[in-house]
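Colleague: Okay, here's what each chain looks like letter by letter:
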Amino acid sequence: MAPVLSLRGIEKSYGAVAALKGIDLDIGRGEVLAICGDNGAGKSSLVRIISGAQEPSAGAITLDGRTVSFRSPQDALAKGIATIYQDLALAPRLSIVQNVFMGAELTRPLLPFVHILDKRRMEELAKGYLGRLSVAVEDMHRPVERLSGGQRQAVAISRALHWDAQVVIMDEPTAALGVKETALVLDLIRKLNAEGRTVVLISHNMADVTAVATRVAILKSGRKVIDRPVAGLDADGLAHMVMTGKES
Amino acid sequence: MRSFLETYGTAVAGLALTLFFVAFAPNFAAPTNLLNVLKETSFLAILAIGFTLALITSELDLSVAEVASLAAVVTGALIQAGQSSLLAVAAGLLVAFGAGLFNGIAVTRLKVPSLIATLGTAAIAKGFAFMITQGVAFVGRWPAEFTGIARGSMLGLPNLVIWLALVAGGALFLVKCTRTGVHMTATGEADEAARLAGIATGRMKRLGLALSGLLAGVTAVLLTASLSSAAPNMAGDYFLYAIAAVLLGMTMFEPGRANVPGTLVAALTLKVLGNGLVLMGAAYYVQDIVLGLIIIVSVALSATALKKAAFKL
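One line per chain: the protein sequences are A and B, in this order.
With full-length UniProt numbering, the residue at position 194 of the first sequence is 194, and numbering never jumps.
With full-length UniProt numbering, the residue at position 250 of the second sequence is 250, and numbering never jumps.
Just so you know, the hints here were simulated from the structure itself, not pulled from any lab data.
Treat the hints with care, as some may be off.
Pairs of lysine-lysine residues, derived as BS3-like cross-links and limited to a Cα-Cα distance of at most 30 Å, are as follows [what the hints assert, rightly or not]:
1. B/Lys-176 / A/Lys-119
2. B/Lys-176 / A/Lys-127
3. A/Lys-127 / A/Lys-220
With the hints as constraints, model all of the structure from the sequences given.
Modeller: Now the structure itself:
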């Protein structure tokens, strides 16, 4: 399978500290790739580079076979890579619709040169996105702060659907969630994947990884030490690999 | 029920207060008095709507009153020097807009918290106003075409009220119906999230503060035309009133968020309160005490956005 996104020799240094020391990683179209590693292994740096939040110190990124560089998360999003951050990316007191369309509001012409927000269309589309994710929320004007953690993730994912992102990066999507909400988010990942989208899952939770990921890349001290299919692994075995950096 | 109280409680209280004065304050309900309250409200509300637009992007503008005074004396100086009304008004508005833009640049580019930056601008504006006037007020003859901006009426409505309707309607349209307005709101609500969503948050803050300056200029022109004078401290009394109007407005319609309808109703309520107290024989200082209490209680009730703006030092 041709990779949708390829990283070659990615390095990132913060002053004298080398966070990433030459990462090669291929992300195949339609797979769910988990990126695991202990704290300080380089996961966050890698995510920031793929999502456009930071530029690598060295190395190349190719998207659909073409070399690209992302100037900002918005630039990456426009090129088809959406990142769902742990908690930063939603405005808690704004409504579901406002959050789904934040920065990408739809308008309709009112007068020549005067365009006003197309609130009805945005509401319908937002409802549709949540429907595709099988999340039932009646009131699209409810503030996001009054939704459950899983529903909030669905709102964030709806934004990726609106942009029709081919690659969706999810940074610790279940970190703060209870058992039931975690199950909902894993289900969201499966639904995204069933639409043919590629999901990159960054997670500390090995049970989540074995439940939804097809492949896992394990980082240790800024290097990729393991890259293999998840099939045949259980959570304990995976946790052991993350700790030791070795396949047992 | 709780939600109704949260959303409309203050507005209902304002209505009750008005009815109280209608019943008990001598001459309150007289048409000339009500018209005066409405005119007074226009100045306050236009100034406070500017403040509201800045606060929607989570920035304070403590310079509105001094900037209005500066714009007033700029306009007054040009008219007294024999320049055309159009040029004088344009210059006043431009100075006020420029002061607001200066605030915006200080906040977004120089990274000075708005609480401090706009306080500095207030002092600068005050200095320039005294420099232009040498401390005295411009009085004397004013062309009718200039005073007519604020004094006349159209279709039975005082011009001041028409100006207020235009400003309030325009601000409401901007905030609620345009992408720019939604981007301003998102910037104020969640700066980081808005930035990640590709919104130019710095530009939105500059716009909010620049519009705040511009509306201070509009207030200045209307005040000058209405009073036939321009003094370097003429808008000073509106400072606390404008802040109180915005904060009280944040307790209604969209609790916790600066909003145009809330500011409008709050400005009217405050002017009704001031007028009613005077008519009932309260001493002049009672107004200040009540105003201070309203400011504190409003923030305690709901103004989380303001707390955020004020304390991100």
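Colleague: When the hints from earlier in the document are held up against this structure, which numbers fail?
Modeller: 3
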